[in-house]
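S.K.: Each protein sequence line maps, in turn, to chains A and B. When we follow my numbering, the leftmost residue of the first sequence carries the number 1, and every step to the right adds one. When we follow my numbering, the leftmost residue of the second sequence carries the number 1001, and every step to the right adds one.
I should point out that these hints are in silico values taken from the structure, not numbers from a laboratory. Honestly, I wouldn't trust all of these hints.
[What the hints assert, rightly or not] Not everything, but these chain A residues come out facing chain B in the computed CB check (under 7 Å):
hint : residue
1    : 58
2    : 61
3    : 87
4    : 98
5    : 103
[Stated by the list, open to error] Chain A is faced by these chain B residues, among others (derived, beta-carbon under 7 Å):
hint : residue
6    : 1085
7    : 1247
8    : 1260
9    : 1262
10   : 1263
11   : 1268
12   : 1272
13   : 1273
14   : 1275
15   : 1278
Here a beta-carbon is modelled for each residue, glycine too, at the ideal position from N, C-alpha and C.
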Amino acid sequence: MNNNLLEIKKLKTYFFTAKGVVKAVDGVSFGLRQGENLCLVGETGCGKTATALSILRLIDSPPGRIVGGEIWYHGEDLLKCSTKRLRRIRGNRIAMIFQDPQFSLNPVFTVGDQIAEHIKLHLKLDPEQAMERSLYLME
Amino acid sequence: MERISRKVGGMRNFVFIGLVMALVFVFLLDLYLVAQILELMGYFYLFFVIVIVLYGIYPLYVNRRLTKYYWDRTKRHRLSIFGLGFVIFLVVTALIGPFFTQDPTRVNFQEKNLPPVNFSMQQSVYDLKTGQFITRETPGAWQHPLGTDDKGRDMLAMLVSGARISLQVGLLATLLAILIGTIMGVVSAYLGGMADMALMRFTDIMMTFPFFILLVFIVFLFGQHLAFIILAIGLTGWTGTARLVRSEALSLRTREFIMASKSLGASDTRIIFRHLIPNVLSSVIVIATLSIPGIILAEAALSFIGLGDPTVTSWGMVLNAGQRSLDTAWWVAVEPGIMLFLTVLAFNFLGDGIRDAFDPRSQV
Chain A
1 MNNNLLEIKK LKTYFFTAKG VVKAVDGVSF GLRQGENLCL VGETGCGKTA
51 TALSILRLID SPPGRIVGGE IWYHGEDLLK CSTKRLRRIR GNRIAMIFQD
101 PQFSLNPVFT VGDQIAEHIK LHLKLDPEQA MERSLYLME
Chain B
1001 MERISRKVGG MRNFVFIGLV MALVFVFLLD LYLVAQILEL MGYFYLFFVI
1051 VIVLYGIYPL YVNRRLTKYY WDRTKRHRLS IFGLGFVIFL VVTALIGPFF
1101 TQDPTRVNFQ EKNLPPVNFS MQQSVYDLKT GQFITRETPG AWQHPLGTDD
1151 KGRDMLAMLV SGARISLQVG LLATLLAILI GTIMGVVSAY LGGMADMALM
1201 RFTDIMMTFP FFILLVFIVF LFGQHLAFII LAIGLTGWTG TARLVRSEAL
1251 SLRTREFIMA SKSLGASDTR IIFRHLIPNV LSSVIVIATL SIPGIILAEA
1301 ALSFIGLGDP TVTSWGMVLN AGQRSLDTAW WVAVEPGIML FLTVLAFNFL
1351 GDGIRDAFDP RSQV
């Protein structure tokens, strides 16, 4: 219907807590074309991260759940595809950069190891090539 | 240098699998074709050595800077150095000692109840010539430096054999318990929800079950072979580890790097084995060292009440023999007792030292 790469329609992510339902994302819609940048701006706790996590279906459930809406990526509804398919997309097609590198890196491995791990995972390179690639990326 | 070590590190798993397969192959060959190259315990022991060398000593060797750091931190604990020294002494004794001592099972009634060197003992001996009991001063002899028991078996040989048994049981059963406990704890924490509930209630049941009675029961069911005793202790001793690892993994699970890894497309198994387990490993090492003495004592207790492996001489067994002749030959009970005491103490000190070295929060 259109040439949007990523299309989000009326996305609703609610958190069901003991004190009631928190509507973190409530009917968000936006589209993203190839080569386009989209910036989501808002105050703390307004649901930017919840939106991003929802797109990759990384919301912890319980308590969170995506209760409504559609996420279309390349003509595929991410909310309906299998977890296996989703794993191929995560980090390969859609990646997320977390705020604080100090907390989003595993403290027992070197940074190079961790970059190489996911290069290995998605590009099916052997450990040596993956390491070279990750060193190249860091330069 | 860094690059080379990494390359070899990747090969390590293949080397490990290869060695284990070779071991299994030799074992099967042994079982079906040839008679007894090694006894069952030998294979357990070789497996343990492979694990320790590849995953313990090798990384320490490759990463010498870190090793030095840990060593410096352990060194600050005087007692832990004593512990390490005694453990090394024990391992060396257990490995090469039996080649230098006499046969621990050889009975010689001519030389029964000989005291250790430098001690002598008033003993009533049956005199063949007169046909009467006479009281005679019996001095210790260098032939049996630690004396002999009431059947004339050499105490030194029995203690050396006992060291081997205690270490085998202590190390192998701990390895087993730690393996089960770690995987249980991490999986339970990571999965959460109902799975966590089920696994932890199972752990609770295992915990409340009287450990010793269960041991006796398993040994009674499956037999008194040392391998079964190790299995029995290992299969019951993992509960504490599982709890501790779970609590640690629970806090790790909510850390951002787990989420980051997930967002990059890592599978659950990958996250558990590549990200969670390496992070809990330092506490696992500490728990392992600190749980060895308990397991050694459990084995000694089992063989003390006569449920140990009757074909091997262990400290518990010697203790049992010794307490019967406590008034005529005190050394038979005292010597294995001292060994057990020192061993347990040494492992505890070592564990304390390692904990201080590995725990970044502790300020020594």
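S.K.: A separate judgement is required for each hint: does it hold in the structure or not?
M.R.: Against the structure, the hints come out as follows:
For residue 58 of chain A, the suggested interface contact is upheld, since its CB lies about 6 Å from the closest CB of chain B, less than 7 Å. Interface restraint check: residue 61 of chain A against chain B, minimum CB-CB distance 10 Å, threshold 7 Å, status violated. Here the hint on residue 87 of chain A is kept, as its CB sits about 5 Å from the closest CB of chain B, short of 7 Å. For residue 98 of chain A, the suggested interface contact is upheld, since its CB lies about 5 Å from the closest CB of chain B, less than 7 Å.
A distance limit of 7 Å between C-beta atoms decides the matter here; for residue 103 of chain A the minimum to chain B is near 4 Å, and the interface restraint holds. A hinted interface residue such as residue 1085 of chain B counts as satisfied when its beta carbon comes closer than 7 Å to some beta carbon of chain A; here the least separation is about 29 Å, so the hint is violated. With a cut of 7 Å, the hint placing residue 1247 of chain B at the interface with chain A is violated, because the nearest CB-to-CB distance is about 18 Å. The restraint placing residue 1260 of chain B at the interface with chain A holds, with a minimum CB-CB distance near 4 Å, inside the 7 Å limit.
A distance limit of 7 Å between C-beta atoms decides the matter here; for residue 1262 of chain B the minimum to chain A is near 6 Å, and the interface restraint holds. For residue 1263 of chain B, the interface hint holds, since its Cβ comes within 7 Å of a Cβ in chain A; the closest pair sits about 4 Å apart. Because the smallest distance between the Cβ of residue 1268 of chain B and any Cβ of chain A comes to about 9 Å, over 7 Å, the interface hint for this residue is violated. Because the smallest distance between the Cβ of residue 1272 of chain B and any Cβ of chain A comes to about 13 Å, over 7 Å, the interface hint for this residue is violated.
A least Cβ separation of about 12 Å between residue 1273 of chain B and chain A goes past the 7 Å threshold, and the interface hint is therefore violated. Of the supplied interface hints, the one on residue 1275 of chain B holds, with its beta-carbon coming within about 5 Å of a beta-carbon of chain A, less than 7 Å. Using the Cβ-Cβ criterion of 7 Å, the hint placing residue 1278 of chain B at the interface with chain A is satisfied: the shortest such distance is roughly 5 Å.
In this structure, the hints that do not hold are numbers 2, 6, 7, 11, 12 and 13, in rising order.
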